[in-house]
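Asks: Spelled out from the first residue to the last, the chains are:
Number of protein chains: 2
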Amino acid sequence: MPEHLRDHERPFLAFGTEIVDATAPYVSAYKPQAAHFAAAGAEDQLVQLIAHIHAHYPNIPVILDAKRGDVGSTAALYAQEAFERYGADAVTVNPYLGHDSLAPYFAYQDRGVIVLCRTSNPGSDWIQGVMVDDEPLYLSVARQVENWDQNSQCMLVTGATYPEELGLVRALVGDMPLLVPGVGAQGGDIHAVLKAGLDTDCQGLCISSSRGIIYAGDGADYADQAAKAAQELRDAINLVRSALSDSKD
Amino acid sequence: MPEHLRDHERPFLAFGTEIVDATAPYVSAYKPQAAHFAAAGAEDQLVQLIAHIHAHYPNIPVILDAKRGDVGSTAALYAQEAFERYGADAVTVNPYLGHDSLAPYFAYQDRGVIVLCRTSNPGSDWIQGVMVDDEPLYLSVARQVENWDQNSQCMLVTGATYPEELGLVRALVGDMPLLVPGVGAQGGDIHAVLKAGLDTDCQGLCISSSRGIIYAGDGADYADQAAKAAQELRDAINLVRSALSDSKD
Numbered sequence: 302m303p304e305h306l307r308d309h310e311r312p313f314l315a316f317g318t319e320i321v322d323a324t325a326p327y328v329s330a331y332k333p334q335a336a337h338f339a340a341a342g343a344e345d346q347l348v349q350l351i352a353h354i355h356a357h358y359p360n361i362p363v364i365l366d367a368k369r370g371d372v373g374s375t376a377a378l379y380a381q382e383a384f385e386r387y388g389a390d391a392v393t394v395n396p397y398l399g400h401d402s403l404a405p406y407f408a409y410q411d412r413g414v415i416v417l418c419r420t421s422n423p424g425s426d427w428i429q430g431v432m433v434d435d436e437p438l439y440l441s442v443a444r445q446v447e448n449w450d451q452n453s454q455c456m457l458v459t460g461a462t463y464p465e466e467l468g469l470v471r472a473l474v475g476d477m478p479l480l481v482p483g484v485g486a487q488g489g490d491i492h493a494v495l496k497a498g499l500d501t502d503c504q505g506l507c508i509s510s511s512r513g514i515i516y517a518g519d520g521a522d523y524a525d526q527a528a529k530a531a532q533e534l535r536d537a538i539n540l541v542r543s544a545l546s547d548s549k550d
Numbered sequence: 302m303p304e305h306l307r308d309h310e311r312p313f314l315a316f317g318t319e320i321v322d323a324t325a326p327y328v329s330a331y332k333p334q335a336a337h338f339a340a341a342g343a344e345d346q347l348v349q350l351i352a353h354i355h356a357h358y359p360n361i362p363v364i365l366d367a368k369r370g371d372v373g374s375t376a377a378l379y380a381q382e383a384f385e386r387y388g389a390d391a392v393t394v395n396p397y398l399g400h401d402s403l404a405p406y407f408a409y410q411d412r413g414v415i416v417l418c419r420t421s422n423p424g425s426d427w428i429q430g431v432m433v434d435d436e437p438l439y440l441s442v443a444r445q446v447e448n449w450d451q452n453s454q455c456m457l458v459t460g461a462t463y464p465e466e467l468g469l470v471r472a473l474v475g476d477m478p479l480l481v482p483g484v485g486a487q488g489g490d491i492h493a494v495l496k497a498g499l500d501t502d503c504q505g506l507c508i509s510s511s512r513g514i515i516y517a518g519d520g521a522d523y524a525d526q527a528a529k530a531a532q533e534l535r536d537a538i539n540l541v542r543s544a545l546s547d548s549k550d
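Quick mapping for you: the protein sequence lines, in order, are chains W and B.
Each residue of the first sequence is one higher than the one before, starting from 302 at the first, in the numbering used here.
Each residue of the second sequence is one higher than the one before, starting from 302 at the first, in the numbering used here.
The hints are simulated quantities; they were obtained by calculation from the structure and are not laboratory data.
Cβ coordinates follow ideal geometry from the N, Cα and C atoms, glycine included.
Treat the hints with care, as some may be off.
[To be verified] Which residues of chain W face chain B? A few of them, derived with a C-beta cut under 10 Å, are:
#, residue
1, Ala341
2, Gly342
3, Thr375
4, Glu385
5, Leu417
6, Gly424
7, Ile428
8, Gln429
Given these sequences and hints, build the entire structure.
Replies: Okay, here's the thing in structure tokens:
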């Protein structure tokens, strides 16, 4: 948190609003991380931040990064939290409890449900990569989510740090959009991600940089630094995407 | 929520406090479900409810049922939420992101980390039951958690609705305590759970009934009804446990 905001009455809201206003020209979605607000007891500021995005940038969807996963009756409450309390357009969820743990989210047919598949962190391999019927578990998850997705409202989380696996997921799920964290601070490579992950229309990726944008600067000009980092990332993505699109034609 | 509490200024706190005060003689732990408070934007009432338990019943631990699961840097924030903001003695977590997603919880060495293993809901089988190296995935999870648990602070969630699987987990993890939801509203059988799940000292189970207790009544006497249901469940557990203990001697 930049120094001049540390004594702010609502520091998360102030920080987030300035980041949003500075980066809006360059982004396709916002993905606030619920844990930052939860750790500080600042949920009200998250409500206000998302309301700010909806009010000022109605064409930019908000993904609540919450990674919830619970039995059906409880999942219904978490769906209510994400979609009604926070007004999120989509929410990230965990597949480990199966279909009945996701059904309450599917019931909100105008919202997105983004299921963890192949996460970007180093320790995920022991479980996501285990072989099940000659394919790694994360591909079984992708296959299952595709079956469950009767309303074209699902996406899959596939980390930029595993571009080869990202390509296997893409090959399996057709044009289902993928949410790709791990570019930026976690070191994912843009060219490898786009090459492996774009769909047949050279679309279908929502590439997320979090720390690489919001912590681009830590001084009074942090929002300008964030805008600069967002613009650079957008330009880098579009450059590679154009090249790949041209080479395809 | 009983009618006389619906207009209460802090209904979740009032409801929870009355349930706690009425049931305290009969319980070994409290397990508040974070989603109920999150859906209603009532996190402050959860903070106060847990503080009430600690202040009045210091020997009864509080398990925050949050089922969080996220990459390391974010998991550190969720651990802060559970252990510092809420002051929980233990928290439920999801294994799908692997060790680095749990390490921040392990760092709180005086707190419990309760990992989802074989959950009680019907839809969990497709992933938790897949065969990996000749054993179902949930047993791989149990094995892995036992390896990770360098500080004897872990438990596993193993639903009462699958007593046979509960027995397989018990056989694998020795005396690691198990958290067993699914008794009560979800229909799990106490005798089958105890027979399969008790450790060699006839201990090691934390059996959870949630809806069966807190919704035992819905009138003005709901707390008394909850106490009655808690006492009946405790007595039923102890009766079966005595019988099993006698038959073992």
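Asks: State for each hint whether it applies.
Replies: These are the hints, each one checked on the structure:
no.: 1; hint: Ala341; in the structure: holds, 8 Å
no.: 2; hint: Gly342; in the structure: holds, 6 Å
no.: 3; hint: Thr375; in the structure: holds, 5 Å
no.: 4; hint: Glu385; in the structure: holds, 8 Å
no.: 5; hint: Leu417; in the structure: holds, 6 Å
no.: 6; hint: Gly424; in the structure: holds, 3 Å
no.: 7; hint: Ile428; in the structure: holds, 6 Å
no.: 8; hint: Gln429; in the structure: holds, 7 Å
When the structure is compared with the earlier hints, no violation turns up for any of them.
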